[in-house]
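Asks: Chains as they are written, first to last, in my numbering: chain A, 15 to 445; chain B, 15 to 445.
Worth flagging that the hints you see were computed from the coordinates, not collected in a lab. Hints are all accurate, no fakes.
No distinction is drawn between identical chains; accordingly, a pair holds when it is met within one copy or between any pair of copies.
Taking lysine to aspartate or glutamate and the DMTMM-like style, the derived pairs with C-alpha atoms no more than 20 Å apart in a straight line are:
hint : residue 1 : residue 2
1    : K178      : E211
2    : K223      : D59
3    : K223      : E61
4    : K223      : D34
5    : K223      : E68
6    : K223      : E253
7    : K223      : E254
8    : K124      : E109
9    : K223      : D252
10   : K223      : D245
11   : K223      : D94
12   : K124      : D236
13   : K223      : D165
14   : K178      : E140
15   : K223      : D28
16   : K223      : E40
17   : K223      : D37
18   : K124      : E213
19   : K223      : D97
20   : K223      : E213
21   : K124      : D103
22   : K178      : D235
Protein chains: 2
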Amino acid sequence: VAARDPLALDALLDPLHAADIADLLEQIAPNERRALLALWKGGVDGEILSELDESLREEVIEALSPGELALAVQDLETDDVVDLVEDLDAEGQAEVLAALPAADRIAVEKALAYPEYSAGRLMQSEVVRAPSHWTVGDAIDFLRSGITLPDQFYHVVLVDPRLKPVGYVTLGRILSSRRDARMRDISEDSFRTFHVEDEQGDVARAFEKYHLISAPVVDDDDRLVGVITIDDAMTVLDEEHEEDILRLAGVGEGALSDSVLDTIRGRLPWLVVNLGTAGLAAFVISRFEGTIQALVALAALMPIVASMGGNAGTQSLTVAVRALATRDLTRSNAWRVIRREAAVGLLNGLILALVLGGLTVLLFGSWALGGVIAAALVINLLAAALAGVFVPLLLERIGVDPALASGTFVTTVTDVVGFFSFLGLATVVLL
Amino acid sequence: VAARDPLALDALLDPLHAADIADLLEQIAPNERRALLALWKGGVDGEILSELDESLREEVIEALSPGELALAVQDLETDDVVDLVEDLDAEGQAEVLAALPAADRIAVEKALAYPEYSAGRLMQSEVVRAPSHWTVGDAIDFLRSGITLPDQFYHVVLVDPRLKPVGYVTLGRILSSRRDARMRDISEDSFRTFHVEDEQGDVARAFEKYHLISAPVVDDDDRLVGVITIDDAMTVLDEEHEEDILRLAGVGEGALSDSVLDTIRGRLPWLVVNLGTAGLAAFVISRFEGTIQALVALAALMPIVASMGGNAGTQSLTVAVRALATRDLTRSNAWRVIRREAAVGLLNGLILALVLGGLTVLLFGSWALGGVIAAALVINLLAAALAGVFVPLLLERIGVDPALASGTFVTTVTDVVGFFSFLGLATVVLL
Chain A
15 VAARDPLALD
25 ALLDPLHAAD
35 IADLLEQIAP
45 NERRALLALW
55 KGGVDGEILS
65 ELDESLREEV
75 IEALSPGELA
85 LAVQDLETDD
95 VVDLVEDLDA
105 EGQAEVLAAL
115 PAADRIAVEK
125 ALAYPEYSAG
135 RLMQSEVVRA
145 PSHWTVGDAI
155 DFLRSGITLP
165 DQFYHVVLVD
175 PRLKPVGYVT
185 LGRILSSRRD
195 ARMRDISEDS
205 FRTFHVEDEQ
215 GDVARAFEKY
225 HLISAPVVDD
235 DDRLVGVITI
245 DDAMTVLDEE
255 HEEDILRLAG
265 VGEGALSDSV
275 LDTIRGRLPW
285 LVVNLGTAGL
295 AAFVISRFEG
305 TIQALVALAA
315 LMPIVASMGG
325 NAGTQSLTVA
335 VRALATRDLT
345 RSNAWRVIRR
355 EAAVGLLNGL
365 ILALVLGGLT
375 VLLFGSWALG
385 GVIAAALVIN
395 LLAAALAGVF
405 VPLLLERIGV
415 DPALASGTFV
425 TTVTDVVGFF
435 SFLGLATVVL
445 L
Chain B
15 VAARDPLALD
25 ALLDPLHAAD
35 IADLLEQIAP
45 NERRALLALW
55 KGGVDGEILS
65 ELDESLREEV
75 IEALSPGELA
85 LAVQDLETDD
95 VVDLVEDLDA
105 EGQAEVLAAL
115 PAADRIAVEK
125 ALAYPEYSAG
135 RLMQSEVVRA
145 PSHWTVGDAI
155 DFLRSGITLP
165 DQFYHVVLVD
175 PRLKPVGYVT
185 LGRILSSRRD
195 ARMRDISEDS
205 FRTFHVEDEQ
215 GDVARAFEKY
225 HLISAPVVDD
235 DDRLVGVITI
245 DDAMTVLDEE
255 HEEDILRLAG
265 VGEGALSDSV
275 LDTIRGRLPW
285 LVVNLGTAGL
295 AAFVISRFEG
305 TIQALVALAA
315 LMPIVASMGG
325 NAGTQSLTVA
335 VRALATRDLT
345 RSNAWRVIRR
355 EAAVGLLNGL
365 ILALVLGGLT
375 VLLFGSWALG
385 GVIAAALVIN
395 LLAAALAGVF
405 VPLLLERIGV
415 DPALASGTFV
425 TTVTDVVGFF
435 SFLGLATVVL
445 L
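Assemble the whole structure, with the sequences as input and the hints as a guide.
Replies: So, in structure tokens, the structure goes:
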């Protein structure tokens, strides 16, 4: 591809969608990427920039001259520019902002003043609005009058004289109604507005729950300041899912295009925490060295109890974290969920204890050893089920993201309870 | 709430959105739910049914009489009816289908003939289409002619005389163009159609990637048969994420409203698999019983090496599974990703080995023991990193969902490698 022929490159890349070009840039090796950009940077437009992964965006922006950058960003809607700019360093931000037309620059600066991850950052300031007393004819004439309209819009927001949104009309209803119909009479029944400081995850979940396509955003004075569209909500939801899944695994953030050092920075802290909790488990075992010395088979069997608990705990935990994220687990049903998990843990524990206890009796010929491992397994699976729900609920209560820290706590509980109950029971029963 | 007063209940529930009523039904206890349904079943409409969790839907549908059911479903679009019906047993399906008007029934039956999770199941058959030679005026007159239009639509699909889609026009463009403009001239540049048998996950990811709002679906003869809208794509994406996150944790499927028995059925198989792999690890340990007998401190330290490997493996694995799901990890960059993970594993291993080895020397006063645990940790973290990428890649290659089975394989590798390298090195070096 990068055979130093800009024209052939143009011919190849031009028919591609911006998202595909961004994917291409993410997948090729860093040196190929630099070569490609050097040849083809004139072709990089704003859409490609906004599709790029954050870690690459800075690299690509630095490769562009201010003039190329200005050309690239001027066609974007304000929400895309905000998204592009918010993760850049101060210098990069200033460079992009300077490249924008004045009106857009003000809108972007205003959006950047809202808290990170707020509806204000997510919205675009380009809104199609109309006074609520207009007729369909007024609206159509207004739309045809040659004003600049957003690229994509699906509703006309009706506002009162103080710019407060009072309803919205789908374009489909406008098109299928007579010119003399009043906009107010054909507006949708259900109508939701968001506040600029609403958390973007909540906004995205409301889009999904209520099947919204776009929704107006108001400021403290209830005035219409922008609109959020479903494609942005979908992206937010996707990012939140990604965060949840990566955090559950103890991977801070992580894109495949991150460098080795960034990746280590994201993962090492959790491994260090795990080192501490594994040390705790090792300490519990070391208290029973006498018991192990007397019956060394215990050393081989004890990881089974701990590992089963860890697995069962992760199961409860994942369901609980996911349910907290989707707001399916709330205070009103928490006790019912805890009771259910406890029942599941106890029953799974009893079934598996029968199997494991039976196998142990067969292999080691000792009913006592089989009984000890079976009892320890039941205790640990019950502990795992309870920890799997209690830990995320407690973390949520004290304001920590349950996806981030639960895993370590839960496996600490199951390791400690597993080793302690097995070796403790063995000490009492077998020695 | 359920104080046997249907009128008060009406007053309470009527202003709520269908999604909120469905949430309420999911969160209250089963006996409260039955009482509420008995009192208020006349109020259950199709929208509430389609918002309900699958496990509850059947229960609610059974509580309704055929007449109530007919009333409930007749206002739904065909894609919602398909979604409602596909998980019911044959009897329930027949009941709902019988309640539909003939034209809708045929459309639903046709959709049900497409494979599960295909675009054909996801689409609605209600499409607004227009011949490509029409002008904006023709289209507006057509839309105003009083034909039944879908509740929500965002594009008019242009078709040729053989019903093949050739482009689409956003309603915003129609509204802002003059009556004599040709539809063909104002159609969107980028235009994607899906085939009825496309996999719905691929469709949903294409919606997200290309920021689509709606897209036409064609059959084998390239004829327009329906349209998929973004809200359905968003739901699919959400379901796929949920599946990924739950499968990674070894929880088959799982909703909080599932019964204890259903939950056990989902989780027990993975615990049984884990019992097998934990048994393998126990077997490895049992081969070194002589070594442990000679130096019982090894029993306390060995779970640290295995647990660190398990954590690091889960980290690589989660990133890889997620990247496979989003198509960020492909054959073309697989080797680069593997090399990166190996580098991360090696470096994390070296850093943590220094810490753990140092602590061991301090606590046990043995340089040899510190060296053994440090070396085992490096080996296991490298193995974890490689297994974390290789296992999901291999599973994907042979057509198994990597989210479903990777975790067990990876922790088996890290347990076996961890115990074997630590105890093996200890046997060679320390005895």
